[in-house]
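Guided by the hints, dock chain B onto chain A, whose structure is given.
Protein sequences appear in the order of chains A and B.
Quick note on this note's numbering: the first sequence kicks off at 1 and runs consecutively.
Quick note on this note's numbering: the second sequence kicks off at 1 and runs consecutively.
There could be a bad hint or two in this list.
Unchecked claim - Which stretches of chain B does chain A cover? Using the computed rule of at least three CB atoms under 8 angstroms from a CB of chain A, they are:
no.	segment
1	147 to 154
2	165 to 178
Said to hold, decoys possible - Beta-carbon label-pair distances, calculated as ranges:
no.	chain 1	residue 1	chain 2	residue 2	range
3	A	G48	B	D260	19 to 29 angstroms
4	A	G86	B	L412	39 to 49 angstroms
5	A	Q74	B	L198	17 to 27 angstroms
6	A	V17	B	S356	51 to 61 angstroms
Calculated directly from the structure, the hints in this document are not laboratory data.
Small disclaimer: the values here were computed from a predicted structure and weren't measured.
Glycine residues also receive a C-beta, built at the ideal position from the N, C-alpha and C atoms.
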Amino acid sequence: MEVLLAILVGFLYAAGVYLMLRRSIVKLLFGLALLGNATNLLIFVAAGLQRGRPAFVPIGATEPKGPVADPLAQALILTAIVIGFGLLAFATVLTRRVYDLQQDDDLDALSGGEEDV
Amino acid sequence: MTAVHPLMVSLLTAGMLLAFRKNRWAMRLLSLAGGLVHLGISIQLFREPSGMLQLGSWPAPFGISFLADRFATMMVLVASIIGLAVLITSWIDVESREEKLGFHPMVHVLMTGVCGAFLTHDLFNLFVWFEVMLMASFVLLGLGEKRVQVSGALRYFALNLVSSLFFLSAVGLLYGWLGTLQMSDIAIRLAQTEERGLLLGIGALLFLAFAIKAALFPVFAWLPVSYPMPSFGVSALFAGLLTKVGVVAMVRFYCLLPADSTLQSFIIFAGLATMVVGVLCAIGQSTIRRILSFHIVSQVGYMVLALGLFNGLGLTACLFYLIHHILVKANLFLVGGIVHRIQGSEKVQECGGLASAYPWLAFLFWIPALSLAGLPPLSGFWAKLLVIRTGLDQGNFSAVGVALAVGLLTLLSMIKIWNEVFWKPLPERTEPPPSRRTLAILAAPSVALGLLTILLGVFAQTGIEWSDQAAQELRPQVVLLEEPAE
Numbered sequence: 001m002e003v004l005l006a007i008l009v010g011f012l013y014a015a016g017v018y019l020m021l022r023r024s025i026v027k028l029l030f031g032l033a034l035l036g037n038a039t040n041l042l043i044f045v046a047a048g049l050q051r052g053r054p055a056f057v058p059i060g061a062t063e064p065k066g067p068v069a070d071p072l073a074q075a076l077i078l079t080a081i082v083i084g085f086g087l088l089a090f091a092t093v094l095t096r097r098v099y100d101l102q103q104d105d106d107l108d109a110l111s112g113g114e115e116d117v
Numbered sequence: 001m002t003a004v005h006p007l008m009v010s011l012l013t014a015g016m017l018l019a020f021r022k023n024r025w026a027m028r029l030l031s032l033a034g035g036l037v038h039l040g041i042s043i044q045l046f047r048e049p050s051g052m053l054q055l056g057s058w059p060a061p062f063g064i065s066f067l068a069d070r071f072a073t074m075m076v077l078v079a080s081i082i083g084l085a086v087l088i089t090s091w092i093d094v095e096s097r098e099e100k101l102g103f104h105p106m107v108h109v110l111m112t113g114v115c116g117a118f119l120t121h122d123l124f125n126l127f128v129w130f131e132v133m134l135m136a137s138f139v140l141l142g143l144g145e146k147r148v149q150v151s152g153a154l155r156y157f158a159l160n161l162v163s164s165l166f167f168l169s170a171v172g173l174l175y176g177w178l179g180t181l182q183m184s185d186i187a188i189r190l191a192q193t194e195e196r197g198l199l200l201g202i203g204a205l206l207f208l209a210f211a212i213k214a215a216l217f218p219v220f221a222w223l224p225v226s227y228p229m230p231s232f233g234v235s236a237l238f239a240g241l242l243t244k245v246g247v248v249a250m251v252r253f254y255c256l257l258p259a260d261s262t263l264q265s266f267i268i269f270a271g272l273a274t275m276v277v278g279v280l281c282a283i284g285q286s287t288i289r290r291i292l293s294f295h296i297v298s299q300v301g302y303m304v305l306a307l308g309l310f311n312g313l314g315l316t317a318c319l320f321y322l323i324h325h326i327l328v329k330a331n332l333f334l335v336g337g338i339v340h341r342i343q344g345s346e347k348v349q350e351c352g353g354l355a356s357a358y359p360w361l362a363f364l365f366w367i368p369a370l371s372l373a374g375l376p377p378l379s380g381f382w383a384k385l386l387v388i389r390t391g392l393d394q395g396n397f398s399a400v401g402v403a404l405a406v407g408l409l410t411l412l413s414m415i416k417i418w419n420e421v422f423w424k425p426l427p428e429r430t431e432p433p434p435s436r437r438t439l440a441i442l443a444a445p446s447v448a449l450g451l452l453t454i455l456l457g458v459f460a461q462t463g464i465e466w467s468d469q470a471a472q473e474l475r476p477q478v479v480l481l482e483e484p485a486e
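This is chain A alone, in the form it adopts within the complex (with noise of 0.2 angstroms):
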């Protein structure tokens, strides 16, 4: 399971790189998505996978029964993903911004015009 995941994290990077080298803004907001995504599965894979083990205490029990899945690393995930989405939804206004100033989705035709500051 894991190397299967980890040829996903490397897939995944490879084609968020791919997109990002685009020239399409939209293609650049995709790339980035999938770049979060698979940093996020990397955590998962690189902390350890644990099957059929979730980081719960039963109820009337002071402790967990048993090894349990590391929750810290359930914990960074989640964060990560939190502060990704607000990152994208973020990102898609900018792009909103960019194609609303210059009604095109081309980076290059975005790089003129530099130096009338």
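What follows is chain B alone, placed relative to chain A:
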């Protein structure tokens, strides 16, 4: 006072400000009050660093730790000064539309992020503060309406997001490997490990992430396209604080690592390359803020070089350089703002005659400009002296030569601004000069920062002693690491 107090003040101020978005003056006064309280707390914290704080009383490696050591409190104090200076400038500098859109709350959120990044002692928490800071800076950058502004904001956004993802990946891998994210605990566990490959891989990822944030060569391209875009106050805030947070993170992390000559020479090389490329790019620029932006890149190179030299006075030099640079660079951007206000342009060709028309402004420019170039008795001289002294002590003469040459080229750029903006005859006036009140408000923070620069130069001994104490506090982690684990 504990480590979380400055953070709470900034965050509370930001929250309260959201309630006053309709009333411009209420917002300004509340914002200023928040800044003043923040400064007061920072001074108190600096005088008595409160040390380690465990949030929620979780014992050390399990909870999130905050560490208010001398280094962190020093940086928080400097950041607080810059924040206050920018808040005062913003009364004139920021358009009312931008104020309504949330300039003031965002400045305080930015301060929360910056101070949080200085104070935290947990790697994942550092990531979160980075994001808080970045989110606020994205909004501040994106407040503008012009195409170039939005274009700059987009590039800034994309590159910083990539850097954050590198950082997050490294944090995940480090946690998977060592099972801890608390910085001291990481240092202890790294000392016991033998796996150089894994360490270098994760270290390289983290170094790349911090290098993007600190705008090192070759990943600095986002800086000169985005920093000159917002209003001058925001530019000053970014120039003073944002890249330096990257440097601070680099210092903190580097102090956790076992001594390693490969890594050290790599960091020295990155610093040298950044210095040279930054300063050469600056020569070809024609607007004040673009020139200054490339000088940020170049000066960050000095800090990283000092960090790379590390032993002896190296770390001290790096910390002293950080403080000096934040004060000076923010001040230069503020002076640039005054020039822009008077002349209606920041292209150096279109400006002129300010030395005769506004001699005080020329003086205000000279202080940070000469300090940046490293002329005695200003703070920059001592900062550069420390770096060069360390280079000589360690026999790294090529680094010393480059540092001296880059200092001269910096002076060249400053003289270019001087010749064009201040010395050459006044071009045809198109705009009426700004009122005395406007100039007084814009100049006040600049005067204060200039005074601090002079004080830091005249009483350099005190500043260097502070930096040295801070460096000594950072060092034990490394000493601990250099001893072989029994």
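Going down the list of hints, with the structure as the test:
1. Using a Cβ-Cβ cut-off of 8 angstroms, 6 residues of the segment 147 to 154 of chain B lie near chain A, which meets the minimum of three, so the contact claim holds.
2. Counting residues of the segment 165 to 178 of chain B whose beta-carbon sits less than 8 angstroms from any beta-carbon of chain A gives 9, enough to reach three: the coverage restraint holds.
3. Taken as a hint, the range 19 to 29 angstroms holds for the pair G48 of chain A and D260 of chain B, whose Cβ atoms sit roughly 28 angstroms apart.
4. For the pair G86 of chain A and L412 of chain B, the beta carbons lie near 43 angstroms from each other, so the given range of 39 to 49 angstroms is met.
5. Checked against the hint of 17 to 27 angstroms, the C-beta distance between Q74 of chain A and L198 of chain B comes to roughly 23 angstroms, which is consistent with it.
6. Distance hint check: the CB atoms of V17 of chain A and S356 of chain B are about 55 angstroms apart, consistent with the given range 51 to 61 angstroms.
Comparing the model with each earlier hint shows no violations; every hint is respected.
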